[in-house]
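**Student:** The chain contents come next:
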Amino acid sequence: MPDDDVLPFDLAGCLERVRQRDQAAARELVDHLYPLVIRIVRSHLPRRVAEEDLAQEVFLKMFTRLEQYQGAVPFPHWVSRIAVTTCIDHLRAQKRRPEFRWADLSENEAEVLDAVMTNENDVAANDAMAAHELVHKLLAQLKPDDQLVIRLLDLEQKTIAEIAQITGWNGSLIKVRAFRARRKLQKLFQELRKKERS
Amino acid sequence: MNTSDPRHPWPRLVAAARQVRDERDTAVPYGFATRVGALAFSGERIVGSLVERFALRAVGVASLLAVLSVVANYSFIKHSAPANEEVLAEDPVAALLSE
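Top to bottom, those sequences are chains A and B. Numbering that gives the first Met the number 0 numbers the first residue of the first sequence as 0 and each following residue consecutively. Numbering that gives the first Met the number 0 numbers the first residue of the second sequence as 0 and each following residue consecutively.
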């Protein structure tokens, strides 16, 4: 069957059937939104939390709050916000943040970190994975809300307006959190330099 | 040098990290949608069965009626009950034992 014959997903119709407690419609809605939810969950996944459990929690919240959805924003945006706030709640629940130590880094990660701190060259393409791991370890040092803002700003390159839409926070709050997070990162790099020298 | 300066380690690390694409599968795991769909509606049952709805209330009403009927007929029960002596006199086993 050619791709043109595939009907677009009737979200409004599906939501109406879900409101009438149609389980088949609920399954269709989960199937349709799963890629969106799992991407958000994976990029903000707290430590020691299974991604499938978190995705399930997001969907159950979505069904519980479905009556509150007024259609002011597109439904996928509304679900994205539920997913982001659910991840934030889990991150907040993890009071202890892992300490960032040179000794805990893999050989490759330590080399990449040493390189970016001692020279001004870009990271080599084959070190991208190590850089990715380092970024996540460094972000884990920040408060959950600050982590989210920096991840969205720097890694996902979202604008302040987009972040406001995803999180429900206003622009000023996002800027304050970004400023606080960058200052903390700055301090962290200074400490790492001192430790490296010692 | 602050973190927004391109020479700072952070922007260079992040730029490299962005090159990593998440290639993981985003398809729904087998059974996930069914489980979530079932769980979504399991917590709230709008209409329970008639038996479920009325059984406990029926037990309460029946108990109350039983107590009320005993109270209402207490004086009649008390007066119509035979005295101990009469019982003893009419009961052959009691009479046998009292010998």
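Everything labelled a hint here was simulated from the structure, so no lab data went into it. These numbers were taken from a predicted model, which means no experiment stands behind them. From the three backbone atoms N, C-alpha and C, an ideal C-beta is built for every residue, glycine too. Some hints here could point you the wrong way.
Stated by the list, open to error - What the simulated footprint calls covered on chain A by chain B, stretch by stretch (three residues with Cβ under 8 angstroms from a Cβ of chain B suffice, anywhere in the stretch; the number is not a length):
# : segment
1 : 36 to 42
2 : 67 to 77
Stated by the list, open to error - With the Cβ distance kept under 8 angstroms, some of the chain B side facing chain A (calculated, not the full set):
# : residue
3 : V13
4 : F31
5 : A39
6 : V69
7 : A71
**Student:** Confirm or reject each hint.
**Tutor:** Checked hints:
1. 36 to 42: holds (count 4)
2. 67 to 77: violated (count 0)
3. V13: At about 5 angstroms, which falls below the 8 angstroms cut-off, the nearest Cβ of chain A leaves the hint on V13 (chain B) intact, so it holds.
4. F31: holds (7 angstroms)
5. A39: holds (4 angstroms)
6. V69: Since the shortest Cβ distance to chain A is 47 angstroms, the answer is violated.
7. A71: violated (48 angstroms)
Comparing the model with each numbered hint stated earlier shows that hints 2, 6 and 7 do not hold.
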